[in-house]
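Please take these sequences and the hints and turn them into a complete structure.
Chains as they are written, first to last, in my numbering: chain F, 1 to 224; chain L, 1 to 438.
Just so you know, these hints were derived from the structure itself, not from any lab.
In the DSSO-like style, the derived pairs of lysine-lysine whose C-alpha atoms are separated by at most 27 Å in a straight line are:
1) F:K221 <-> L:K270
2) L:K260 <-> F:K197
3) L:K291 <-> F:K89
These numbers were taken from a predicted model, which means no experiment stands behind them.
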Amino acid sequence: MRILLVEDEKNLAMEIKSFMEVEGDICDLSGSLREASENLAVNPYDFVLLDLGLPDGDGLDLLEEISDYQERTSVIILTARSEVDDRVKGLQLGADDYLAKPFSLVELKARMQAILRRKSGWNRDLISIGDFEMDLNNKSISYQKEEIALTKKEFTLLHFMVINKNRVLNRFQLAEHLWGDHLEDDYQSNYIDVHIKNIRKKLGQYAPTDWLETVRGLGYKIKA
Amino acid sequence: MRLSTKFLLFNFLAKGIILLVFLAASPFVLRYFAIKSTDRQLVEKKNEVLAIVAAEGMESFISQENPELGFGSYNILKEEYILLEQVPQLYDTDLIFVEERILDNESVTYRVYSYAFEMDGAYFLLEIGRSLQTIKEIEALIFKILISTVILFFFLSFFLDNTFNKSILRPFSQIIDKKLSHIKEPQQFSYKAIETNTDEFVLLDESLSEMMRRIQRAFNQERIFISHASHELKTPISVLQTKVETLFAQEGLSGEQMDKLMDMQQTIQKMKKTVNALLLISKVNNAQFIKTEEVPVHEVLEELIEDWEAMATEKNIQLYFEEADAFVIKESNRSLCLMMLRNALVNAIKYTPESGKIYITGKKQENQYRVSIKDSGPGISTKLLEQVERGTVFLKDVEKDKSGFGLQILYKVALYLGVKVEIKSGNSGTEVIFDFTN
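So, in structure tokens, the structure goes:
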């Protein structure tokens with residue numbers, strides 16, 4: 001994928017850029033509205049990751065330009081601003097999603113995948129995982145056509161790990177994906193262990209779940 | 001009680017009391033004036049009779065041959081009589097009194113004027129009487145007319161006063177309805193002037209508008225501050241988080257390096273949660289969340305139970321949840337509602353010991369919907385609850401050496417959403433009660 005990252009905070013921009021490149025994407029960087037506008041005029045992009053607070057203006061102004069010249073481009077707004085109006089305005093102006101800073105890079109990746117799947121069918125609706133099959137449309141998992149009852153949270157957790165397969169996800173990243181930023185303390189990350197335990201228990205009745213690895217002291221990983 | 005109702009009651013009571021006093025006093029007053037009037041008429045009639053006697057001579061009434069026969073006259077209904085007779089000596093009589101007289105074998109009570117006088121060397125006694133029955137009939141007639149008039153006046157004046165009060169208070173009611181009672185956030189305030197020519201109401205309207213402008217300015221300044229503070233605080237945390245995550249994803253790190261990265265990650269998470277909690281409280285205080293959603297509270301409860309049941313089971317806690325009554329709260333915010341109830345449930349699971357119990361109910365009551373989350377944990381200390389009620393942001397539970405925002409967020413969100421919260425806590429556990437009203 002070709003991604004345009006519009007972010008004036010250089011440190012943050014470099015980290016996101018290197019993360020995207022490790023993921024196999026091409027990532028162009030713009031630190032201002034003017035630079036972003038120039039890049040958009042020259043290159044076609046699959047994704048624009050757009051910060052709102054830019055030194056020469058409001059990132060929202062760029063949304064119109066994107067929808068005029070690159071209507072197939074997906075946009076995720078990344079912002080540290082807290083106003084609800086920004087979110088509403090951004091989505092009204094054609095942004096596909098909104099991710100509040102500080103965010104996890106794996107969360108950003110998951111959101112991008114969800115948008116791609118929704119917009120282009122680029123992703124499959126059925127994903128094989130071990131001997132199991134995940135149906136993303138029905139949000140269900142089955143073994144040889146037999147549906148296995150997972151709770152919504154368990155399915156969401158498993159799906160998030162599948163999107164980030166072969167990557168160690170720590171409890172904080174998983175907890176943030178499930179509950180956002182407003183759970184009070186790190187106690188909740190312990191609940192991740194409970195969910196993983198239940199997923200293993202429910203799926204383990206049908207087939208081995210050794211693809212779901214525990215990385216001691218860190219978190220969990222799904223082996224491809 | 002509404003001001004217009006008070007005016008109405010006062011109007012009714014004041015007029016009612018006046019009417020009652022009037023009704024109670026009027027028979028006596030009427031009798032007094034009826035008697036006075038009758039006495040005056042009797043005196044006038046005496047003067048007329050004496051004038052006639054003087055003009056026509058006593059012989060026309062009392063014959064000289066038989067003076068003892070005297071003169072008597074009464075009308076056919078015996079309502080009045082005049083008696084003139086010669087008496088042997090001059091009584092010192094000029095009296096008005098009530099006395100029974102027998103006329104044609106019929107006893108009739110009269111108001112009598114008795115007057116003695118001398119004429120041509122002889123003495124005479126003149127009596128003029130008027131039947132008391134006649135006086136009473138006139139009295140009753142006047143009483144009826146008077147009462148009808150007063151009652152008519154009572155209702156008419158009550159209606160007019162009430163209409164006038166309503167009309168004069170209409171701008172005041174509009175100020176209350178449009179500018180005070182339905183305004184929960186400064187943004188909802190309308191600056192359109194209320195139409196009135198009453199100076200006091202114009203002043204009140206203008207003062208309210210001015211006050212609201214100041215509050216709105218302060219709100220906007222706070223909103224801008226929050227937005228900037230949010231940006232300034234979150235951007236460096238974002239940088240830290242992405243750096244740690246990038247390092248974390250690298251292969252070939254030693255166990256010790258991984259542990260250190262996890263420690264950093266944990267610290268970053270704490271910073272994030274603190275900043276987010278503070279910003280959330282500020283945004284709730286600043287009314288920055290929309291409240292336009294219809295939220296099915298029973299569905300939110302069911303979603304919460306599904307999400308958190310596994311955690312309770314893990315601690316061997318029995319979660320009792322009866323199917324909640326259906327209830328939809330209007331003009332609310334689903335995310336905030338979920339957060340508020342979740343904080344209560346998560347606290348209950350967190351602090352209930354292993355093999356404890358948690359009861360969750362959602363019951364429709366008369367005009368409200370009550371959600372109760374009751375646990376068998378150690379209870380919340382009085383000091384902590386006092387801090388919550390005082391609105392202390394950084395709560396500190398000295399007994400458990402813990403601090404956090406969960407309870408404060410629960411309280412602030414409830415206040416913002418118009419949900420009444422009550423926390424009952426003791427040694428046998430804690431019950432958090434939420435009362436929702438539309």
